[in-house]
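**Student:** Residue-level listing of the chains:
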Amino acid sequence: MAEFIRFDRISKFYGPLCVVENLDLGIDKGEFVSLLGPSGSGKTTLLMMLAGFEQPTSGNILLDGTAINAVPTHKRDMGVVFQSYALFPHMSVGDNIAFPLQMRGIGKAEIGERVKRALDMVQMSALVDRRPSQLSGGQQQRVALARALVFEPRVVLMDEPLGALDKQLREQMQLDIRDLHRRLGLTIVFVTHDQSEALTMSDRVAVFNKGKIEQIGTPRQVYDEPATRFVAEFIGETNLVEGVVEAVQGQEATVRLPSGAQIVSAVSGTVASGQPVFLSIRPERVDLSETRGEARNVLETEVTDSVYQGDHLRVQLQNATHPLIAKLGRRSREFPPGTKVFAAFSAGDCRVIAP
Amino acid sequence: MPMKIAKATFATLTILFLVAPLIAILPLAFTSSVILTYPIPSWSLRWFEELFFADAWRRAIVNSLIIGTGTTLLATVLGTAASLGLRNRLIFFRGTIRTLFLLPMVVPAVVLGVGMQVLLAGFGLTNSYLGVIIAHTVVAVPFVIVSVTGALAGIDERVELAAQSLGAAPITVFRRVTLPLAMPGVLSGAVLAFATSLDEVVLTLFVAGPNQRTLARQMFSSIRENISPAIAAAAFLFIAATIAIGLVVVLSRSMLAKRR
Chain A
0 MAEFIRFDRI SKFYGPLCVV ENLDLGIDKG EFVSLLGPSG SGKTTLLMML
50 AGFEQPTSGN ILLDGTAINA VPTHKRDMGV VFQSYALFPH MSVGDNIAFP
100 LQMRGIGKAE IGERVKRALD MVQMSALVDR RPSQLSGGQQ QRVALARALV
150 FEPRVVLMDE PLGALDKQLR EQMQLDIRDL HRRLGLTIVF VTHDQSEALT
200 MSDRVAVFNK GKIEQIGTPR QVYDEPATRF VAEFIGETNL VEGVVEAVQG
250 QEATVRLPSG AQIVSAVSGT VASGQPVFLS IRPERVDLSE TRGEARNVLE
300 TEVTDSVYQG DHLRVQLQNA THPLIAKLGR RSREFPPGTK VFAAFSAGDC
350 RVIAP
Chain B
0 MPMKIAKATF ATLTILFLVA PLIAILPLAF TSSVILTYPI PSWSLRWFEE
50 LFFADAWRRA IVNSLIIGTG TTLLATVLGT AASLGLRNRL IFFRGTIRTL
100 FLLPMVVPAV VLGVGMQVLL AGFGLTNSYL GVIIAHTVVA VPFVIVSVTG
150 ALAGIDERVE LAAQSLGAAP ITVFRRVTLP LAMPGVLSGA VLAFATSLDE
200 VVLTLFVAGP NQRTLARQMF SSIRENISPA IAAAAFLFIA ATIAIGLVVV
250 LSRSMLAKRR
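Protein chains in written order, with numbering that gives the first Met the number 0: chain A, 0 to 354; chain B, 0 to 259.
Worth flagging that the hints you see were computed from the coordinates, not collected in a lab. Quick caveat: nothing in here was measured; it's all calculated off a predicted structure. Each residue gets a CB set at the ideal place from its N, CA and C atoms; glycine is no exception. Among these hints, one or two may not hold up.
The calculated label-pair distances, taken between Cβ atoms and stated as ranges, are [unchecked claim]: (1) A/Asn68 x B/Gly94: 26 to 36 Å; (2) A/Gly162 x B/Ile14: 32 to 42 Å; (3) B/Gly94 x A/Asp128: 34 to 44 Å; (4) B/Arg97 x A/Tyr13: 16 to 26 Å; (5) B/Arg174 x A/Gly162: 29 to 39 Å; (6) A/Asp94 x B/Glu156: 19 to 29 Å; (7) B/Glu156 x A/Gln248: 48 to 58 Å; (8) A/Glu151 x B/Pro179: 25 to 35 Å; (9) B/Arg97 x A/Asp128: 32 to 42 Å; (10) B/Arg174 x A/Ser38: 49 to 59 Å; (11) B/Glu156 x A/Arg103: 51 to 61 Å; (12) B/Leu64 x A/Asp128: 48 to 58 Å; (13) B/Arg97 x A/Gly136: 26 to 36 Å; (14) B/Leu64 x A/Lys107: 40 to 50 Å.
One chain only, chain A, in its complex shape (with noise of 0.2 Å):
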């Protein structure tokens, strides 16, 4: 796959206020990328220079090789969905569909034909003569989406297009776009605050943190090989632990817990022995058990909480020095408060990350 869109050294200032600062990214074409982050992390800045609202401070955004700096809005090509769906309210649901055709000069017949199947795509069709303000919202989100689609931009851009819709809808609408992405191999660039929503719909995830990007992966290399302490704790919940590394060895290093407890645990980046860093453990990948077990990392423990959450039960532990959370699967076993516990995962399932 050849890129398709490269943000090269990208800066934004407000004023004093950096908003993105010397970024570089590049995305595929027929990728599925999200920029996720949360507010202010400048996510959404960077897709609005992409669509060509706002111009950067200083480098270049290449799209297929060609700076498009001084391409003006109406010239890029470009689908974009905004929250707040953005409609045209005085025009009925067909009309929205048919603007941006109308725009490109498209005949009649043409444009009455890519609208019917446009409003079919997103299963609108009945409601093609009402009113945007007649619509309920995720309808309203259906039309914006059939909107940006129907003259097959080079490029899709999404500002948060769920984050006004309950939740059910959200779901829905997420394996919707995601299906919508695969069946018409659109290139996608979606902005979402929401981690669950960008590990579901991603090709890959784009982790911003304060206009940089922290790590950019699949969503299983961000979840699983978090590279920093920002991005372990943005992404799911984890258990961040302080230690000193001992000895590295590859891929892996031990590190010593304040408790005295060794651990063996795999390596996002660089470090060395001596260094102080935290080990990220994911609750659901953490094992209890009465008794010490075979396991390499095993942490003695004691109960002090347990909550069933209906799929998982999560249990409280408190080692000599700090917390840990475990969630276990439903079959588990029950484990009352004071049951002394062996907290056991192996090196794959913790990370050791640079401070």
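Chain B: place on chain A using the hints.
**Tutor:** For chain B alone, kept in the frame of chain A given last:
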């Protein structure tokens, strides 16, 4: 309960106080007498006849329509353009500029009138239709700005961004999205501009010549010269026009509300 009665009484008295002048003048439009006083001997439409057929009154009505139309066009275009310009967040002293635009609303008309006469005389525009239209436009523009700015503020900026991203050049965005969405505000601004022009006396006294006597000006002078009930008939005409205008504004507002 006594509180309720007190409130109702007070409200009724206030309304009476406000419309008392209308109650005083309007019945006289239908008098058959030649002087503008009560009692009314018998009912007649003779003063409306006078209004539409006597030369001075007919000309005044035509003048009011000419000047009102000219003012409406000029003030609506200028006021809409100003409102659009004031949307731009990058403008320095935006608040100050907006205040300056609205200044003619609060500056005493006499002061404006004197200034206007001196200024227009310099360009040889006193005693001309254009001069009166310009003078009226100055006081009408603020009404258009207030009305259009309100309508523009209700437009989600992202709707315009979306239009751009869908391939609309800036001028097309304006024509197909911004203007249609602001139209109720523009319309009610235009109506207010027309009403302002129709009603304006002070500036007209300063800048208009004998050929530009408007209806309001004609009423003003004829009440001193001869107190004919034609004035009451003219007043009736004014009220009817004002109510019609008010209805247009209300309708366009509800149009705007329905769209959202």
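**Student:** Each of the hints needs a verdict: does it hold here or not?
**Tutor:** Here is what the structure says about each hint:
no., hint, in the structure
1, A/Asn68 x B/Gly94: 26 to 36 Å, "33 Å, holds"
2, A/Gly162 x B/Ile14: 32 to 42 Å, "49 Å, violated"
3, B/Gly94 x A/Asp128: 34 to 44 Å, "43 Å, holds"
4, B/Arg97 x A/Tyr13: 16 to 26 Å, "23 Å, holds"
5, B/Arg174 x A/Gly162: 29 to 39 Å, "31 Å, holds"
6, A/Asp94 x B/Glu156: 19 to 29 Å, "21 Å, holds"
7, B/Glu156 x A/Gln248: 48 to 58 Å, "57 Å, holds"
8, A/Glu151 x B/Pro179: 25 to 35 Å, "27 Å, holds"
9, B/Arg97 x A/Asp128: 32 to 42 Å, "40 Å, holds"
10, B/Arg174 x A/Ser38: 49 to 59 Å, "35 Å, violated"
11, B/Glu156 x A/Arg103: 51 to 61 Å, "24 Å, violated"
12, B/Leu64 x A/Asp128: 48 to 58 Å, "41 Å, violated"
13, B/Arg97 x A/Gly136: 26 to 36 Å, "35 Å, holds"
14, B/Leu64 x A/Lys107: 40 to 50 Å, "42 Å, holds"
Hint compliance for this structure: hints 2, 10, 11 and 12 are not met, and every other hint is.
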